[in-house]
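Trainee: Spelled out from the first residue to the last, the chains are:
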Amino acid sequence: MEKECAKREVTQGMENQICVEFDAISENEGLARVIIAAFLSRIDPTVDQVEDVKMAVSEAVTNAIIHGYGEKGGRVVMTAKLSCDGELAVDIIDKGVGIEDIGQAMQPLFTTGADKERSGMGFAFMEAFMDRLEVESSPNEGTCVHMWKSFITGQIASQPILQAAVWNRSGRV
Amino acid sequence: MDRNMEEFAIIDNYLCIRMPGEVDHHGAASIRECADRLILDDKVKNIVFDFEDTTFMDSSGLGIIIGRYRKISCFGGKVYAINTNERIGRLLKASGMSSIIEILA
Chain C
14 MEKECAKREV TQGMENQICV EFDAISENEG LARVIIAAFL SRIDPTVDQV
64 EDVKMAVSEA VTNAIIHGYG EKGGRVVMTA KLSCDGELAV DIIDKGVGIE
114 DIGQAMQPLF TTGADKERSG MGFAFMEAFM DRLEVESSPN EGTCVHMWKS
164 FITGQIASQP ILQAAVWNRS GRV
Chain Y
34 MDRNMEEFAI IDNYLCIRMP GEVDHHGAAS IRECADRLIL DDKVKNIVFD
84 FEDTTFMDSS GLGIIIGRYR KISCFGGKVY AINTNERIGR LLKASGMSSI
134 IEILA
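Chains C and Y supply the protein sequences, listed in that same order. My numbering numbers the first residue of the first sequence as 14 and each following residue consecutively. My numbering numbers the first residue of the second sequence as 34 and each following residue consecutively.
Simulated from the structure, these hints should not be mistaken for lab results. A portion of the hints provided could be inaccurate.
[Stated by the list, open to error] List of simulated lysine to aspartate or glutamate pairs, EDC-like, C-alpha gap at most 16 Å:
| hint | chain 1 | residue 1 | chain 2 | residue 2 |
| --- | --- | --- | --- | --- |
| 1 | Y | 111 | Y | 135 |
| 2 | Y | 104 | Y | 75 |
| 3 | C | 85 | C | 40 |
| 4 | Y | 104 | C | 28 |
| 5 | Y | 76 | Y | 45 |
| 6 | C | 94 | C | 28 |
| 7 | C | 94 | C | 144 |
| 8 | C | 85 | C | 144 |
| 9 | Y | 104 | Y | 55 |
| 10 | Y | 104 | C | 130 |
| 11 | C | 129 | Y | 45 |
| 12 | C | 129 | Y | 69 |
Owing to the predicted nature of the structure, the values given are computational and were not obtained by experimental measurement.
With the hints as extra help, turn the sequences into a complete structure.
Mentor: Below, the structure written as structure tokens:
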């Protein structure tokens with residue numbers, strides 16, 4: 014345990030991982046957003062960064078509920094991992110119908126939910142608001158959406174300046 | 034799951050819809066149903082979406098706006114988005130919505 018604490022100081026931010034499983038009902042879209050925002054709060058992200066991730070998670074969870082399970086219920090799993098170097102990896106996993114043609118599904122404005130007034134912008138938003146997006150899917154087995162976003166820029170901007178101020182003991186940079 | 038009708042007001046031929054704090058798929062259906070009922074019942078020509086209370090919106094919000102736009106634009110109606118915060122304004126512009134609706138921040 015002591016060893017663990019010492020390591021934490023050296024790496025300035027330990028790896029952290031969560032896994033949440035919830036019912037595939039629309040009420041839980043908001044819950045998923047709140048969970049991911051709370052999970053991120055430890056690394057002190059900007060408001061815009063948090064909103065970007067909330068948006069992407071909201072789209073992926075909504076897709077799982079509407080398209081994966083056809084709004085008939087099921088279970089959605091969200092895993093999130095923050096690595097030591099400040100990169101977030103989020104996976105949204107469902108065991109629903111899967112996607113026949115992933116390339117087509119990811120086309121902006123393509124939707125199978127036109128009758129439900131889906132805009133067809135879900136994957137486009139996930140791509141736009143995260144750094145990287147990968148989709149794995151097999152028909153009748155389910156879909157896994159992997160997303161990554163780096164928060165390293167915030168750390169680079171703030172920490173060296175603070176450290177420099179400490180090192181030259183002037184308090185000024 | 035009806036929405037509070039105070040969030041919908043008809044002023045002249047404008048239907049004003051006060052959007053909730055978070056616009057997602059969860060709340061989209063009830064906003065759509067209420068709005069469409071009013072569009073049918075009354076002589077609504079234009080629609081104003083008021084985003085004053087809204088801090089979060091995903092693509093479901095775009096679906097609501099596009100759907101209402103389709104319903105009223107064929108009769109020459111216009112759609113407005115008002116009181117959008119910086120982020121929602123940016124989202125509406127980046128997604129090309131500004132070509133079919135008027136955004137007044």
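Trainee: Now, for every hint given, state plainly whether the structure supports it.
Mentor: Results of checking the hints against the structure:
{"no.": "1", "hint": "Y/111 <-> Y/135", "verdict": "holds (8 Å)"}
{"no.": "2", "hint": "Y/104 <-> Y/75", "verdict": "holds (14 Å)"}
{"no.": "3", "hint": "C/85 <-> C/40", "verdict": "holds (14 Å)"}
{"no.": "4", "hint": "Y/104 <-> C/28", "verdict": "violated (50 Å)"}
{"no.": "5", "hint": "Y/76 <-> Y/45", "verdict": "holds (9 Å)"}
{"no.": "6", "hint": "C/94 <-> C/28", "verdict": "holds (7 Å)"}
{"no.": "7", "hint": "C/94 <-> C/144", "verdict": "holds (15 Å)"}
{"no.": "8", "hint": "C/85 <-> C/144", "verdict": "violated (31 Å)"}
{"no.": "9", "hint": "Y/104 <-> Y/55", "verdict": "violated (24 Å)"}
{"no.": "10", "hint": "Y/104 <-> C/130", "verdict": "holds (12 Å)"}
{"no.": "11", "hint": "C/129 <-> Y/45", "verdict": "violated (29 Å)"}
{"no.": "12", "hint": "C/129 <-> Y/69", "verdict": "holds (14 Å)"}
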